[in-house]
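Novice: So you can see what is in the structure, the chains are spelled out below.
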Amino acid sequence: MLGLLFFVFVVAIFLGIELISKVPSQLHTPLMSGSNAISGITIVGALIAVGQPDGGPLVTVLGVVAVAAAMINVVGGYLVSDRMLRMFKRKDEGPKPS
Amino acid sequence: MIDALQPLINYIYIVASVLFIVGLKMLSRASTARRGNMVSGVGMLLAILATCLLKGMSFAWILVGAIAGTTIGVVASSMVKMTAMPEMVGILNGLGGLASLLVAWAEFHKWHAMQWASYHQTLGAGAPNSPLVTAVAMAFTAVVGAMTFSGSMLAFLKLSERITGKPIQFRGQQFVNGLVILLILAAAVVFCQNPAGGTTPYLAFGLLMLAGLVLGITSVMPIGGADMPVVISLLNSYSGIAAAAAGFIILNNVLIVAGALVGASGIILTKIMCKAMNRSLGNVLFSGFGSGSSAGDGAGVTGEANPISADDAYYVLEAARSVVFVPGYGMAVAQAQHVVRELGQALEANGADVQYCIHPVAGRMPGHMNVLLAEANVPYEQLVEPGDVNPVMAAVDVAIVIGANDVVNPAAKEDAKSPLYGMPIIEVDQARTCIVLKRSLKPGFAGVENALFFKSNTRMLFGDAKATVLQLVAAFKDR
Numbered sequence: 000m001l002g003l004l005f006f007v008f009v010v011a012i013f014l015g016i017e018l019i020s021k022v023p024s025q026l027h028t029p030l031m032s033g034s035n036a037i038s039g040i041t042i043v044g045a046l047i048a049v050g051q052p053d054g055g056p057l058v059t060v061l062g063v064v065a066v067a068a069a070m071i072n073v074v075g076g077y078l079v080s081d082r083m084l085r086m087f088k089r090k091d092e093g094p095k096p097s
Numbered sequence: 000m001i002d003a004l005q006p007l008i009n010y011i012y013i014v015a016s017v018l019f020i021v022g023l024k025m026l027s028r029a030s031t032a033r034r035g036n037m038v039s040g041v042g043m044l045l046a047i048l049a050t051c052l053l054k055g056m057s058f059a060w061i062l063v064g065a066i067a068g069t070t071i072g073v074v075a076s077s078m079v080k081m082t083a084m085p086e087m088v089g090i091l092n093g094l095g096g097l098a099s100l101l102v103a104w105a106e107f108h109k110w111h112a113m114q115w116a117s118y119h120q121t122l123g124a125g126a127p128n129s130p131l132v133t134a135v136a137m138a139f140t141a142v143v144g145a146m147t148f149s150g151s152m153l154a155f156l157k158l159s160e161r162i163t164g165k166p167i168q169f170r171g172q173q174f175v176n177g178l179v180i181l182l183i184l185a186a187a188v189v190f191c192q193n194p195a196g197g198t199t200p201y202l203a204f205g206l207l208m209l210a211g212l213v214l215g216i217t218s219v220m221p222i223g224g225a226d227m228p229v230v231i232s233l234l235n236s237y238s239g240i241a242a243a244a245a246g247f248i249i250l251n252n253v254l255i256v257a258g259a260l261v262g263a264s265g266i267i268l269t270k271i272m273c274k275a276m277n278r279s280l281g282n283v284l285f286s287g288f289g290s291g292s293s294a295g296d297g298a299g300v301t302g303e304a305n306p307i308s309a310d311d312a313y314y315v316l317e318a319a320r321s322v323v324f325v326p327g328y329g330m331a332v333a334q335a336q337h338v339v340r341e342l343g344q345a346l347e348a349n350g351a352d353v354q355y356c357i358h359p360v361a362g363r364m365p366g367h368m369n370v371l372l373a374e375a376n377v378p379y380e381q382l383v384e385p386g387d388v389n390p391v392m393a394a395v396d397v398a399i400v401i402g403a404n405d406v407v408n409p410a411a412k413e414d415a416k417s418p419l420y421g422m423p424i425i426e427v428d429q430a431r432t433c434i435v436l437k438r439s440l441k442p443g444f445a446g447v448e449n450a451l452f453f454k455s456n457t458r459m460l461f462g463d464a465k466a467t468v469l470q471l472v473a474a475f476k477d478r
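First to last, the protein sequences are chains A and B.
The first sequence begins at 0 in numbering that gives the first Met the number 0 and counts up by one.
The second sequence begins at 0 in numbering that gives the first Met the number 0 and counts up by one.
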């Protein structure tokens with residue numbers, strides 16, 4: 000199990016490097032906020048920490064704060080990226096009514 | 000937590016991972032980027048829903064956290080100004096790090112309370128028998144998560160100018176950093192040797208979190224404003240690595256895949272930023288560039304700058320057939336992106352070919368200027384990179400530099416003694432005429448005199464960038 004997870008980890012890093020090295024610099028900011036939102040995946044860990052019964056009050060407190068923080072990261076990250084990407088227009092698309 | 004739904008949950012995690020990969024891939028082209036972001040968002044939603052299918056989940060507290068987080072996220076993302084995007088990304092990044100840190104702490108506390116045998120069961124089938132792996136993953140997540148959190152918050156304070164954006168350095172700074180790192184290693188060893196036995200490991204874990212917070216602050220403190228694109232990219236990478244490390248605690252592959260993707264993307268961006276400044280990552284992190292002490296002064300750059308009035312600049316622009324704008328952080332500060340676009344439109348209406356050439360490190364985060372110009376409705380075909388414009392710069396009639404300085408300093412090519420030497424620049428000095436909009440002849444972030452200002456084909460248009468551009472736009476309208 001552990002070996003497999005390491006395998007997945009290493010492959011994913013190389014995959015990430017391949018995917019990102021081709022991004023044009025004009026998209027760097029949305030890419031950054033978009034990938035930033037992906038790092039909010041830690042919310043899965045936070046959900047498990049709060050949702051599973053075997054915790055105790057401290058775990059619940061830590062978990063709720065973690066869920067909230069990760070949720071801001073996820074929701075804020077995706078929405079703000081979308082707001083930026085909505086503005087990237089080709090010439091023929093014309094200006095967006097703001 | 001093993002039950003009939005477990006295989007389904009795992010399959011959904013795989014689908015989510017694939018959606019993250021496809022989404023990132025689509026983000027690399029302007030025409031598909033927006034859908035790519037949505038695809039990755041759907042992946043996140045699936046991962047969250049799948050987790051809620053786990054056996055024995057109780058949702059009362061989850062809802063409290065999720066509703067609070069969602070509300071704040073929606074409000075913040077719709078209120079934030081485009082010029083404040085670097086700060087926003089900094090905060091979001093820090094919260095991701097905080098979440099990973101808290102997950103590590105919560106898991107550690109569970110383990111501490113229930114002992115290894117029963118904690119081992121909560122990790123599910125196939126969990127490693129030795130507690131060492133889990134302990135190492137917890138220690139690592141705690142440190143990296145804490146560093147991401149405090150570092151990002153400090154970066155936010157610097158970017159929003161709540162504290163000075165200048166490098167803050169003190170004697171023995173490297174020594175302090177070294178001490179903190181040693182402390183972290185020592186605490187990690189103590190913690191991993193006996194992770195669940197009484198108060199000592201708890202103290203060690205607390206120390207790890209605390210030292211991580213300190214390290215985040217001491218490592219961002221000496222970094223100056225214009226080096227922020229590197230720091231933001233690096234912190235972005237840390238937040239991914241922290242999430243992946245948390246994945247090794249709870250043995251969850253979607254955390255590991257997503258975290259690794261973000262970690263890799265952050266590192267690539269960091270590398271691109273460093274390359275665009277011709278400096279090593281070590282130099283960015285430790286040299287306190289731009290604090291005035293380490294930077295050379297470009298002495299020997301002398302001569303007379305040629306000022307030009309807005310009226311005369313209008314005549315130059317009116318005759319120009321090709322114009323390249325070179326925006327920098329100064330444009331963001333002056334909020335001049337909209338008027339710059341108006342001037343660009345006026346020039347186009349006048350028959351000129353207009354482009355906006357953006358240096359990769361212009362502004363306070365990667366791609367900062369592109370976002371501002373896109374906000375002002377500049378079509379993305381007109382946003383070009385230095386590599387596209389430099390070869391044909393000699394054929395450009397007018398290059399207009401707005402609030403950029405170091406990225407157009409010819410010393411980077413001509414003066415081997417300059418701290419900027421070797422940095423890839425936008426070669427506006429090769430254009431037929433170069434108009435520089437600036438308040439004064441003050442040097443830029445690197446503290447280096449700009450030889451460009453004294454070139455014979457350079458004209459200095461002094462004043463507030465926004466007001467000056469407005470004057471030019473008005474001149475075109477009055478024609």
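Because the hints were derived from the structure by calculation, they are not lab data.
Just to be clear, a hint being listed does not mean it is correct.
When the alpha-carbon atoms are kept at most 16 Å apart in a straight line, the in silico EDC-like pairs for lysine to aspartate or glutamate are as follows [as the list claims (entries may be wrong)]:
1. Lys24/B / Asp53/A
2. Lys454/B / Glu303/B
3. Lys454/B / Asp387/B
4. Lys476/B / Asp310/B
5. Lys476/B / Glu347/B
6. Lys270/B / Glu347/B
7. Lys412/B / Glu347/B
8. Lys274/B / Glu380/B
9. Lys476/B / Glu303/B
10. Lys21/A / Glu384/B
11. Lys90/A / Glu347/B
12. Lys54/B / Glu17/A
13. Lys441/B / Glu341/B
14. Lys90/A / Glu341/B
15. Lys90/A / Asp310/B
16. Lys441/B / Glu413/B
17. Lys88/A / Glu380/B
18. Lys270/B / Asp81/A
19. Lys90/A / Asp463/B
20. Lys476/B / Glu384/B
21. Lys80/B / Asp81/A
Restraint-style ranges between C-beta atoms, simulated for each label pair [to be verified]:
22. Leu3/A / Leu4/B: 40 to 50 Å
23. Arg85/A / Gly462/B: 27 to 37 Å
24. Asp91/A / Asp463/B: 45 to 55 Å
25. Leu4/B / Asp53/A: 40 to 50 Å
26. Ser57/B / Phe5/A: 52 to 62 Å
27. Arg28/B / Phe5/A: 41 to 51 Å
28. Asp53/A / Gly171/B: 31 to 41 Å
29. Trp115/B / Phe5/A: 36 to 46 Å
30. Ala83/B / Asp91/A: 52 to 62 Å
31. Arg85/A / Gln172/B: 38 to 48 Å
32. Asp91/A / Gly462/B: 34 to 44 Å
Glycine is no exception: its CB is placed at the ideal position from the N, C-alpha and C atoms.
Novice: All the hints need checking, so say for each whether the structure fits it.
Specialist: Hint by hint, here is what the structure shows:
1. Lys24/B / Asp53/A: Violated, because 39 Å separates the two Cα atoms, which is more than 16 Å.
2. Lys454/B / Glu303/B: 8 Å, holds
3. Lys454/B / Asp387/B: Measuring from Cα to Cα gives roughly 23 Å; hence the hint is violated.
4. Lys476/B / Asp310/B: 13 Å, holds
5. Lys476/B / Glu347/B: 13 Å, holds
6. Lys270/B / Glu347/B: Outside the cut-off at roughly 36 Å; violated.
7. Lys412/B / Glu347/B: 32 Å, violated
8. Lys274/B / Glu380/B: 24 Å, violated
9. Lys476/B / Glu303/B: 33 Å, violated
10. Lys21/A / Glu384/B: 14 Å, holds
11. Lys90/A / Glu347/B: 13 Å, holds
12. Lys54/B / Glu17/A: With Cα atoms ~37 Å apart, Lys54/B and Glu17/A exceed 16 Å; violated.
13. Lys441/B / Glu341/B: The given pair, whose Cα atoms are some 27 Å apart, is violated under the 16 Å limit.
14. Lys90/A / Glu341/B: 15 Å, holds
15. Lys90/A / Asp310/B: Violated, at roughly 30 Å.
16. Lys441/B / Glu413/B: 20 Å, violated
17. Lys88/A / Glu380/B: Roughly 9 Å between the alpha carbons, so the hint for Lys88/A and Glu380/B holds.
18. Lys270/B / Asp81/A: Cα-Cα ~25 Å, so violated.
19. Lys90/A / Asp463/B: Violated. Lys90/A to Asp463/B sits at ~29 Å, over the 16 Å cutoff.
20. Lys476/B / Glu384/B: This hinted pair is violated, its Cα atoms lying about 30 Å apart.
21. Lys80/B / Asp81/A: 14 Å, holds
22. Leu3/A / Leu4/B: 40 to 50 Å: Because 21 Å falls outside the window, the suggested range is violated.
23. Arg85/A / Gly462/B: 27 to 37 Å: Check passed, 33 Å falls within 27 to 37 Å.
24. Asp91/A / Asp463/B: 45 to 55 Å: Violated: the Cβ-Cβ distance is about 34 Å, outside 45 to 55 Å.
25. Leu4/B / Asp53/A: 40 to 50 Å: 19 Å, violated
26. Ser57/B / Phe5/A: 52 to 62 Å: Between Ser57/B and Phe5/A, where Cβ atoms are some 32 Å apart, the hint is violated.
27. Arg28/B / Phe5/A: 41 to 51 Å: 32 Å, violated
28. Asp53/A / Gly171/B: 31 to 41 Å: 46 Å, violated
29. Trp115/B / Phe5/A: 36 to 46 Å: Taking Cβ atoms as reference, Trp115/B and Phe5/A lie about 22 Å apart, which means the hint is violated.
30. Ala83/B / Asp91/A: 52 to 62 Å: Given range 52 to 62 Å: violated, Cβ gap about 30 Å.
31. Arg85/A / Gln172/B: 38 to 48 Å: 43 Å, holds
32. Asp91/A / Gly462/B: 34 to 44 Å: Taking Cβ atoms as reference, Asp91/A and Gly462/B lie about 36 Å apart, which means the hint holds.
Hints 1, 3, 6, 7, 8, 9, 12, 13, 15, 16, 18, 19, 20, 22, 24, 25, 26, 27, 28, 29 and 30 from the list above are not met by this structure, while the remaining hints are.
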